[in-house]
Structures are given as C-alpha cells and as structure tokens.
Amino acid sequence: MSDTLLKSAQQVILTEARAVTQLAERLDQSFVNACTLIQNCTGKVVLIGMGKSGHIGNKIAATFASTGTPAFAVHPGEAGHGDLGMIEKNDVAICISYSGESDEIMTLVPVIKRLGASIIGMTGNANSSIAQISDVHLDVSVEKEACPHNLAPTSSTTVALAMGDALAVSILTSKGFSPDDFARSHPSGALGRRLLTFVHNIMKTGDEIPIVSADTKLLDALLVMSQKALGMVLITNNNHLEGIFTDGDLRRVLETQSDIQNLRIKEVMISNCKTILADKPAMAAVQMMDEFNLNSLPVVDESNQVLGAINTHTLMQAKII
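By our numbering, the letter at position 73 of the sequence shown is numbered 73, and the numbering carries on one by one without gaps.
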C-alpha cells in the first residue's frame, strides 16, 4: 500500500514538473508583451478566475502585491453582481481559464473591454474565446493533468501559478525591486522585521552599558560585567572606546594567569575590537558576529564614541535571530 502511494505521489510531481519545464521552453514575445502591459499599468492588476483558477488568481494577486505591483483578485460571479465596479480603465485584467471558455468570465470580458482596461488571457487554448478577445494571450496548456483520469485541475493549475510567479518576479527584477522594498510590504513578517530593524532600535544604552576605565581592576570590571549581563565590559576614556573584555576573554585569562587579584583591565582587554555603527541594520550585526565568532558588539559613532552595546541575546529578544 505504501509503495503504491509513493509511486502515485512521485508520478504526480514528475508530471507537474514536466509541464512547468515545457512552459519555460515555450515562453515567447507574448510573455514580454504581458510584462510590458503590467509595467505600463497606472492602475491595478486584477486577477479573475473561476473555481480552481480563482484560487490560483488569488495567489498570483498576493504575489504581485507583495512585490510592488498593486493587485487584487475578483470573483467573476461577484463581479457580475456589482464588484465589476472595482475595475477601472487604467487597470490590467488577467483572466485565467484553462478552457478559455468560462461563461462567468466571458460575461465580463466585453464590459472590461468597454471600460478601456487591458486584458491578458491565460488559457490552455490559443483559439478560445478568451484568448481571441485578449490583448495578450499567455499559453498555459499542458499535455495532461496529473490526475490519473486527466480531469482534476492539477498540472494546469500548477502551470498557471508558475506563469503568474514568472510575471511577478520578472517585473520586480526589471524595476529593481529590492529586499528593503519587499520588507516594507511585510512589516509584520520575520523578513520585514530583520530588514527594517536597525542597531539603534535594539541596542542597550545609558546605564545599561557595561563601561569601566582602563585602570579599573579586573575583579571590579567583572562585577560590572555581571551586573549588566551582556557578557562583556567596554573600556573607555571620556566615552571613547579603547577596548572590550568578554566572558571568553575571562576564560583565556584564567587559563594563563595565576594571580588576577592585581590585574588591571587594560592589561587583558582586547584593543581595536570589532564595532558597529548605530544606523546599520541589525542583520549586519548578525553577519559580523557570525563571521568573527562574536557574542557581543560595542555600538559606536564615526568618532568611536560609545553609543550602546548589543549581544546575541539582544538580537534574539528582538527576533532578529
């Protein structure tokens, strides 16, 4: 039984993968024309599909919207009862129908044309009604559905989804849509939080910073380190950073020094330590700490004046890592 299930699953995936590969191989000027229509659109991209195609349309609209192209999906049944008012002359409508003969969509298409909106037909039949009336037709035909009866929309919906992704990603690439742009559309997501959070948003400041002078005894510096709980102490002179001493440095000292009672922090601190500017993205701190195997970082300004401090726990609390 388990072998039968696995073979069936593998066949579905291979059939759909082949359909997507064939789609990539037959992309032509029509795809470029569709991208141009969308890029020149001063309104919104409106996805229209019935049944399974409608679900695909919802996902494509969401992908467009999250990558800088204003878009939404309209149910053709609802559009025929008032929601068509959402579509305006400056919009581009993408009509998804594998047969290209969906009655619900064909009822809308003449009205959309009269509004002055452009139409991109995404069908499996270049001779279909929707394909013929569209300004641009995108061929999303498949040799066969992954369904053993060649009935359930499987390969065809996968290919339509891939075509939508291809449009959205090609357009975002063409217009230079950046990770920062993406983050602005996803402020509540993990990626948005990582890209929109800066060091100054999360660093410890003021009395939270463990600071001592160079002549401070090591034991006294360790007390400050323990009280501030950042795993480090910063050594400064008039707030100018001179060095750092961390938990890891303490282990090194204990391994090499037999008498620490009279040690001054300047004798064991790390001079010329790694630092980060307050206006850098928090992810830059993560990358620096990973690269140099650090658990803590002083935050300074251009003059090496101490502004704050961060450590791994700070980044975890901010959900950056």
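Simulated from the structure, these hints should not be mistaken for lab results. Any given hint could turn out to be false.
[What the hints assert, rightly or not] Here are the simulated BS3-like cross-link-like pairs (lysine-lysine), alpha carbons at most 27 Å apart as the crow flies:
id : residue 1 : residue 2
1  : Lys59     : Lys175
2  : Lys228    : Lys217
3  : Lys204    : Lys319
4  : Lys228    : Lys204
5  : Lys217    : Lys144
6  : Lys144    : Lys52
7  : Lys228    : Lys144
8  : Lys228    : Lys280
9  : Lys204    : Lys274
10 : Lys175    : Lys217
Since the model is a prediction, treat every value here as computed from it, not as a measurement.
Hint check:
1. Lys59 - Lys175: 21 Å, holds
2. Lys228 - Lys217: 17 Å, holds
3. Lys204 - Lys319: Distance ~16 Å between Lys204 and Lys319 Cα, so the pair holds.
4. Lys228 - Lys204: Holds. Lys228 to Lys204 sits at ~10 Å (cutoff 27 Å).
5. Lys217 - Lys144: Since the Cα atoms of Lys217 and Lys144 sit roughly 78 Å apart, the hinted pair is violated (cutoff 27 Å).
6. Lys144 - Lys52: 16 Å, holds
7. Lys228 - Lys144: 66 Å, violated
8. Lys228 - Lys280: 23 Å, holds
9. Lys204 - Lys274: 17 Å, holds
10. Lys175 - Lys217: 58 Å, violated
Hints 5, 7 and 10, counting from the list given before, are not met by this structure.
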